[in-house]
Amino acid sequence: MKSTDIEDPEYFHRVIDCQFACPAHTPVPEYIRLISEKRYTEAYRLNWASNVFPGVLGRVCDRPCEPACRRGRVEKEPVAICRLKRLCADNREEVADLAPPVPQQKNGKRIALIGAGPASLTVARDLLPLGYTIDLFDDQAQGGGFMRSQLPSFRLPESVLAAEVNTILEMGVVTHFNHRVDSMTALLSEGYDAVFVGTGAPRGRDLPDLPGRREAHKKVHVGIDWLAGVVFGHVTTIGERVLVLGGGNTAMDCCRTARRLGGENVRVVVRSPKAEMKASPWEIDEALHEDIPIIDNHAPLEFVIRDGLLAGMRFDRVVSVQDAAGNHQLQSTGEPPVFLPCDEVLLAVGQLNAFPWIEPDAGIVFNDQGLPALDPRTLQSASLPQVFFGGDAAFGPRNIITAVAQGHEAAISIDLFCQGKSLHDRPAPQVYLAGQKMGVHDWLYHNQIAETGRQIVPMVAKAKTLKDRLLEVELGFDRQVGQAEALRCINCDVQTIFRADLCIECDACVDACPESCINFVDNGPEDEVRARLKAPAGNLSQSLYVSLPLPTGRVMVKDENVCLHCGICAERCPTSAWEMQKFLYQSAQAGQL
Amino acid sequence: MTFFRPSFRHPDLPPNEAGYTRRDYEGGISTLCAGCGHDSICNAIIQACFELGLPPHRVAKMSGIGCSSKTPAYFLGKSHGFNSVHGRMPSIATGANMANRELIYLGVSGDGDTASIGMGQFAHAVRRNLNMLYIVMNNGCYGLTKGQYSATADKGSKGKKGGVNALESIDLCELAIQLGAGFVARGFSGDKQQLTPLIKAGLSHHGLSFIDVISPCVTFNNNPESTKSYHWVREHSEATNTFDFVPFRQTITTEYQDDATEAVTLHDNSVIHLHKHPHAADVTDRRQAIDNLEDHKAQGMILTGVLYVNPASADTHDILNTCERPLNSLSETDLCPGSAVLEEINAAHR
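Taken in order, these protein sequences are the chains called Y and X. Letter by letter, the first sequence follows residues 1 to 593 in my numbering. Letter by letter, the second sequence follows residues 594 to 943 in my numbering.
Here chain Y stands alone, though its shape is the one from the complex:
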């Protein structure tokens, strides 16, 4: 194996599993450390700089960081990263200088943002301090996009969303609310220097060809439209018996909202097996907790109409089988269909992108999936250079944090584009290394590994929350519990740095390491080296840190997989060949060099 190039910032970035998994690469361990020190406002600022909506994301993020968290491999459960984010948002002080200063003197470039969701708002936030003039268009009366129209208030209170959206709008966005953009051609003719499309994936998939769909249309609703109807007060009640079709997070929001609007007998019906459902496990748990059964392996056959009214639905029982290509296919078991009675049906079977307002002759090329043809790195339209896409509008439905990350990338592209620079010559991430040594054997970070399990988030009593759809279900951590949770973080950003030229091969680190990560072995090809380390190094997604050759001809090989970053190797090293250094990695943003 070649020796590891630790000068490459991506090496240590990859060691910080949570940050690496986050689309926006928020410096998670750094803000968790600030929370453990009760420095909530600073933790919030760090979050805000990276993910723009800490209060929102601390409640409804898809949390790609948590399955990646090293604690989940070391112990059973990952650190409650998402809920800690909420803790800093809930406890921060109001600060006037959260947003960077926006120059009075504009740079003369005008940018149009279509859709006021997380992607567009991120572009606005990144470009305003650089002097751009931002025009924001949305057909709703307020900003927030799908965060406003689709996320039920019992998960995301409106006040939390409004506060974070307004922070950006108050930076000087020229808003055009209640203004639906109907024609791309017309907008392009207004001479904007760049146009950013962040219109999401606004169309809920329907089941138009299912028998009885037309007759039942008054009692069958497309999930995302129905959720928006609830938010805006058009929908206030629902029948007693409700079927929700679909297995994603929208289905979970639909069924839980239905329970709050009077649905006594709400059931979720999903085609795939439970284990393959797209919804986050915690969302499924919440639904089950609210007495909503999930019926899996049932594919819809028809809407049953009796006396002109919807009586229920018939389903075919299916099993998931693997075909020759390794894909899962649903196959009928051949058993008689199942009839489930109901009064209303909510369809949450997927979302589609739709750009009816972009004329075919507007110059924007779409691929065969109906998505714009884009450069995946720069998010620039392949055919019209001044047009950029981001969020769900770019590559189909994902999540808020991905939209934010794409907003940052699009802002960089737009800034480079407006300056006539190459879009591929992008600013590098900002990295800082800081030694953690304080005295002989003391560290600037909390290196004692807390052995407490994951803390549970307190919730409002079920009977109470089901009566009021505006009442937030989760209460969030209080400061004390939050601190206990924050101390579970094992500081993966405090890196173990090894210097072969100082090592005397005394084995002290090998002996002291609780996780048997460190080895001194003869070099060889990677798969062969992995097989003969002290502890099996089977997790191929985790790097091996390989040193330069040592005097005995061997190399130091450290498996990063379950390293506790406890610093014991550095404490037990007589020559300081091991060092603990904090590695802060911040993704590049528009305007940086």
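The set of hints was computed from the structure by calculation and includes no laboratory data. Among the clues, some could well be false.
Cβ-to-Cβ under 7 Å is the rule here; a few derived chain X residues that face chain Y [said to hold, decoys possible]:
1) ASN636
2) VAL811
3) CYS916
Rough simulated footprint, nothing fancy, chain Y against chain X, three-plus residues with beta-carbon under 8 Å [as the list claims (entries may be wrong)]:
4) 618 to 628
5) 888 to 899
Treat the numbers as computed from the prediction; the structure is a model and nothing was measured. We put the CB at the ideal spot given by N, CA and C, even for glycine.
Given the coordinates of chain Y, assemble chain X onto it according to the supplied hints.
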């Protein structure tokens, strides 16, 4: 400073055949100087006990005074232990062994504890061939009192402060062979690949097993001119032979075809497979073993590995013809069977 080792261990490390995890053999976190060779020896002991699948509660660890003798705090935290007076570990071990022959005795001592203050004790424990593993953590200096040369420091070796050792050194291995130990070996703390199987073989040998482990003192005796430094030992050591140790429970899977491999079967049916150099000395021959040590010393080389092994050695209990049951389990009726039995014995002499 870390005082408690985190309790998390690598989740993919399997337990041993007896069902114990490696953690069951660990002790507290070391407070020796960072980089001390003794820490590596502790880990080799942990690894050897883990690999042999010894029940931790069947082991008794004994020690005297010194850096070496505080190490039992850092391994086998679930075993019996006794930290005795300076140099008196062999007597305590003898007493314990007499009282309960069923435990596995592991004595840990240093070069001062054995070759200076405890020399008399050491010599007689070896003479009696007490059934125990006697490990000397040998760094050639008195680390606890600022690094003066000990009795095992080689003549001409230079310490950190530049003074040359003018006195003759004691070779504990040579002495142990002369005094009748059945298993004598020398290891190096910086080479666990050799040391761990040495400890396993020593624990399996019946009678006194003696292992002298060169263990650099990073604080006082690790300069390049010291013959007990990491650097010097790596440059100047030669192994008698490479070997595999196969505990008796394990089926022998490797076939040794060449004539150069000799199998030595120990009392408990464990086997040491020695892979000899073509002209190497016979380690089962006492005179050749001593010659071999002297020859290497004359060339300025440190001989490591199994130096001498006598699988048929008789331990103290065999020599004294004691009863099979541990003495501490004998009741008053066992020890004083009454006048009828006395009559019988007396009659036998008439």
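Evaluation of the provided hints:
1. ASN636: holds, 4 Å
2. VAL811: Since the shortest Cβ distance to chain Y is 5 Å, the answer is holds.
3. CYS916: violated, 41 Å
4. 618 to 628: holds (count 5)
5. 888 to 899: violated (count 0)
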